[in-house]
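Asks: Listed here are the chains, written in short residue letters.
Number of protein chains: 2
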Amino acid sequence: MASIDANPASGTRDLLPAEVARRERAFTAIRRTFDAHGFAPLDTPAFERLEVLTGKYGEEGDQLIFKILRRGDHEASGDADLALRYDLTVPLARVAARYGSQLPTPFKRYQIAPVWRADRPGKGRYREFFQCDVDTIGSDSPTADAATLVAVTDALDALGLSGFRVQLNSRKALRGLVEAYGIPAAGESDALTALDKLDKIGADGVARELTERGIDAAAIDALGADLTADDPAAAVRARLERSTVGQEGLAEVDRVLALVDGVVPVAYAPVLARGLSYYTGPVFEVVHDQLDATIAAGGRYDGLIGMFQSSDVPATGGSLGLERILLLLEEAEAGVTGEAGPQVLVTVMDEEGAADALALAARVRAAGLTVEPYSGGGRLKLAKQLKYADRRGVRIAIIRGAEERAAATVTCKALATGEQRTVPLEHLEATLAELLEA
Amino acid sequence: MASIDANPASGTRDLLPAEVARRERAFTAIRRTFDAHGFAPLDTPAFERLEVLTGKYGEEGDQLIFKILRRGDHEASGDADLALRYDLTVPLARVAARYGSQLPTPFKRYQIAPVWRADRPGKGRYREFFQCDVDTIGSDSPTADAATLVAVTDALDALGLSGFRVQLNSRKALRGLVEAYGIPAAGESDALTALDKLDKIGADGVARELTERGIDAAAIDALGADLTADDPAAAVRARLERSTVGQEGLAEVDRVLALVDGVVPVAYAPVLARGLSYYTGPVFEVVHDQLDATIAAGGRYDGLIGMFQSSDVPATGGSLGLERILLLLEEAEAGVTGEAGPQVLVTVMDEEGAADALALAARVRAAGLTVEPYSGGGRLKLAKQLKYADRRGVRIAIIRGAEERAAATVTCKALATGEQRTVPLEHLEATLAELLEA
Numbered sequence: 003m004a005s006i007d008a009n010p011a012s013g014t015r016d017l018l019p020a021e022v023a024r025r026e027r028a029f030t031a032i033r034r035t036f037d038a039h040g041f042a043p044l045d046t047p048a049f050e051r052l053e054v055l056t057g058k059y060g061e062e063g064d065q066l067i068f069k070i071l072r073r074g075d076h077e078a079s080g081d082a083d084l085a086l087r088y089d090l091t092v093p094l095a096r097v098a099a100r101y102g103s104q105l106p107t108p109f110k111r112y113q114i115a116p117v118w119r120a121d122r123p124g125k126g127r128y129r130e131f132f133q134c135d136v137d138t139i140g141s142d143s144p145t146a147d148a149a150t151l152v153a154v155t156d157a158l159d160a161l162g163l164s165g166f167r168v169q170l171n172s173r174k175a176l177r178g179l180v181e182a183y184g185i186p187a188a189g190e191s192d193a194l195t196a197l198d199k200l201d202k203i204g205a206d207g208v209a210r211e212l213t214e215r216g217i218d219a220a221a222i223d224a225l226g227a228d229l230t231a232d233d234p235a236a237a238v239r240a241r242l243e244r245s246t247v248g249q250e251g252l253a254e255v256d257r258v259l260a261l262v263d264g265v266v267p268v269a270y271a272p273v274l275a276r277g278l279s280y281y282t283g284p285v286f287e288v289v290h291d292q293l294d295a296t297i298a299a300g301g302r303y304d305g306l307i308g309m310f311q312s313s314d315v316p317a318t319g320g321s322l323g324l325e326r327i328l329l330l331l332e333e334a335e336a337g338v339t340g341e342a343g344p345q346v347l348v349t350v351m352d353e354e355g356a357a358d359a360l361a362l363a364a365r366v367r368a369a370g371l372t373v374e375p376y377s378g379g380g381r382l383k384l385a386k387q388l389k390y391a392d393r394r395g396v397r398i399a400i401i402r403g404a405e406e407r408a409a410a411t412v413t414c415k416a417l418a419t420g421e422q423r424t425v426p427l428e429h430l431e432a433t434l435a436e437l438l439e440a
Numbered sequence: 003m004a005s006i007d008a009n010p011a012s013g014t015r016d017l018l019p020a021e022v023a024r025r026e027r028a029f030t031a032i033r034r035t036f037d038a039h040g041f042a043p044l045d046t047p048a049f050e051r052l053e054v055l056t057g058k059y060g061e062e063g064d065q066l067i068f069k070i071l072r073r074g075d076h077e078a079s080g081d082a083d084l085a086l087r088y089d090l091t092v093p094l095a096r097v098a099a100r101y102g103s104q105l106p107t108p109f110k111r112y113q114i115a116p117v118w119r120a121d122r123p124g125k126g127r128y129r130e131f132f133q134c135d136v137d138t139i140g141s142d143s144p145t146a147d148a149a150t151l152v153a154v155t156d157a158l159d160a161l162g163l164s165g166f167r168v169q170l171n172s173r174k175a176l177r178g179l180v181e182a183y184g185i186p187a188a189g190e191s192d193a194l195t196a197l198d199k200l201d202k203i204g205a206d207g208v209a210r211e212l213t214e215r216g217i218d219a220a221a222i223d224a225l226g227a228d229l230t231a232d233d234p235a236a237a238v239r240a241r242l243e244r245s246t247v248g249q250e251g252l253a254e255v256d257r258v259l260a261l262v263d264g265v266v267p268v269a270y271a272p273v274l275a276r277g278l279s280y281y282t283g284p285v286f287e288v289v290h291d292q293l294d295a296t297i298a299a300g301g302r303y304d305g306l307i308g309m310f311q312s313s314d315v316p317a318t319g320g321s322l323g324l325e326r327i328l329l330l331l332e333e334a335e336a337g338v339t340g341e342a343g344p345q346v347l348v349t350v351m352d353e354e355g356a357a358d359a360l361a362l363a364a365r366v367r368a369a370g371l372t373v374e375p376y377s378g379g380g381r382l383k384l385a386k387q388l389k390y391a392d393r394r395g396v397r398i399a400i401i402r403g404a405e406e407r408a409a410a411t412v413t414c415k416a417l418a419t420g421e422q423r424t425v426p427l428e429h430l431e432a433t434l435a436e437l438l439e440a
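Here the protein sequences come in this chain order: U and W.
Last residue of the first sequence: 440 in the numbering used here, with the numbers rising by one and none dropped.
Last residue of the second sequence: 440 in the numbering used here, with the numbers rising by one and none dropped.
Chain U on its own, in the form it takes in the complex (with noise of 0.2 angstroms):
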């Protein structure tokens, strides 16, 4: 038979042994953390009925969803009636809309799952990928903000990433800011497009910007002062004083900020907008201070779950990056051997000796340890096994030959040191214990 091409399709990952060991301690300290803070697992299918998924992501999200063709006699028609989920939230909403009374008010959910998007594939971008989000549905309550900040961060902390800190803005703070300067209405949009921007391209980049996208000049020069003060948030916050609803956004910064003080490094950011989609309140993003890269980012969206049932339902929450955080945990395990294979080897010596090395494996494993009995084929080679058992990272090889099995005893060997004791079988599982303490 002519051979098919063996790898994976574009954009997508086979995730061998020491890769999906990596990533599942990433995973357990995550589900540990949510878990530990009230919020419960909620898992929901791969695929939504194609109307679920199109008309949320933007025209350019829409493109990228995975479609899947209709099936049996409609096959033929080249139509798609399915979709591979582009995002956890969207089927979250879903179903807070189906199951609504069924769920506890308010309704505190994580979720770790793939999502799909036909992306370009390139590097450190996937077709399939991780996304890891946690949700409070029903509360309109600041306090649920707060807990969602405490929560992703958290879990920061126990996967080990120290060195971050929280940036916090208001979409009505926002809106305040354009008000207060006098950006027309029509500009919002625009405006806060080219503030998002401010990290990266700096006060002049965004004048710049600003400039291009038709915005007043008495505007951009008011906006460019305050955002090259001394304190830019003092500054905007001193201009936000104009604004009723900028009030109201900072209102709402500074409760947060009060609940959550001396727990989480958190600052107001008067540009931060993080993106434009639905997000109705608070907005946050975590950056990692050595990278300046974001690693979490949430916020309030108080309007989506509405499309998929007659009223609002307020919803607030956060996501980590988790691909762009199992990457940092990856560079920082560099050079810790990664396949995570048993403890023990129970080697093969002949063949009248596989009934004993199962037998002898199962006696191991009763004394905790994880332990296979060597089940290649072809000759039983020793150096051979114990190549083996050095490439799965063994730490110990039982022998067991004709010799061994007439005087009842044992050998146990450690391959980090070459020590090897002979003793009474009986003695077994106290030279593993005190080979492994070595």
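Certain hints may be false.
Here are the simulated lysine to aspartate or glutamate pairs, EDC-like style, with alpha carbons at most 16 angstroms apart [as the list claims (entries may be wrong)]:
(1) W:K383 <-> W:D352
(2) W:K58 <-> U:D7
(3) W:K386 <-> W:D352
(4) U:K58 <-> W:D7
The set of hints was computed from the structure by calculation and includes no laboratory data.
Just so it is clear, the structure is predicted and the values come from calculations on it, not from any experiment.
Position chain W relative to chain U; hints supplied.
Replies: Relative to the frame of chain U, chain W by itself:
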């Protein structure tokens, strides 16, 4: 906006927190067992290039593959180039071919992951469901077959599913059986299909089917006599002496029986076929005694990986009937309240108390408990918060109004008994520990 149907797509399920928690408990028990047996986790993408999957599952299987529409300009063509994985075995075979020398030999992996089939949805039949596979690639040794049996049955034990027995056969013994009873080679597939139904339709039913399929009456009579003998296995064994391949098969069966003797409750099952797909050597199924249902199965398939490369690679493995097992566990757990909310809820009595509640929650969490501050919106009524606590399965509510804050005390209320204690703040952790123990 017109509201959208909020149900999950046909044949798929939303897994609410109690259900996710139940499944995660089972998955964790299985993962631990396979880890303890030296198997390592592998993860492959949800979708594969279409040609990786087609032609592997027979005509009927091919029709159940979910196909993904080409993207961008090609979308209009109505063609598919990707497909959702249909099982975990074909992706494993692809991985074995792709990473061959980078993997240890033998390569022992497990995978617990969803697969998708466009089956007609029905009771207990889903279009998205989990499979759990454990396989050893690159070994022709019976030790690998035996180690699979031990790992699979240990996993069932770890899940609390005692009371099962293992039926073991060999595809070679089956070929020998056909030969020994004088069934023409052309009728082999038909005969095995009929024989595989022995448990369901009895010896008479099998004889009827064989007659319908045009098998010689003398062969049917001989088979019928042996299968209804006092010891059918012994009768078939005697008959297999006449066939070389039959003897080979019996030797294979006996070798595995000897290797797991006293460890796994296993018996030779002379007509067990496990379908007719890709198995080449030993095949087994694990039958739950009470249910008389298969809860795990597997066997050796030395030909599959050769589809992705020029040479064959021996392989053997097993699969837990995960969805069926989860259903059994659900029944066993019926009556157990599912939702595992946090142990402690810190109520919020007034706006001023919210920051205090967050700080108390952090303190309780530092003591190792799961806890959340009440983060619902609306009026801060205690009754509403206690109802929410009850709904989440919370065990203790912390209550701390202005009076307690002024007095540096705190009130802990055990929700099951209603017992309530007001203690100095420094006694919080000790009081919680006592109430949780009660």
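Asks: Does each hint hold? Answer for all of them.
Replies: Taking the hints in turn, this is what the structure says about them:
no. : hint              : result
1   : W:K383 <-> W:D352 : holds (9 angstroms)
2   : W:K58 <-> U:D7    : holds (15 angstroms)
3   : W:K386 <-> W:D352 : holds (13 angstroms)
4   : U:K58 <-> W:D7    : holds (15 angstroms)
The structure shown violates none of the earlier numbered hints.
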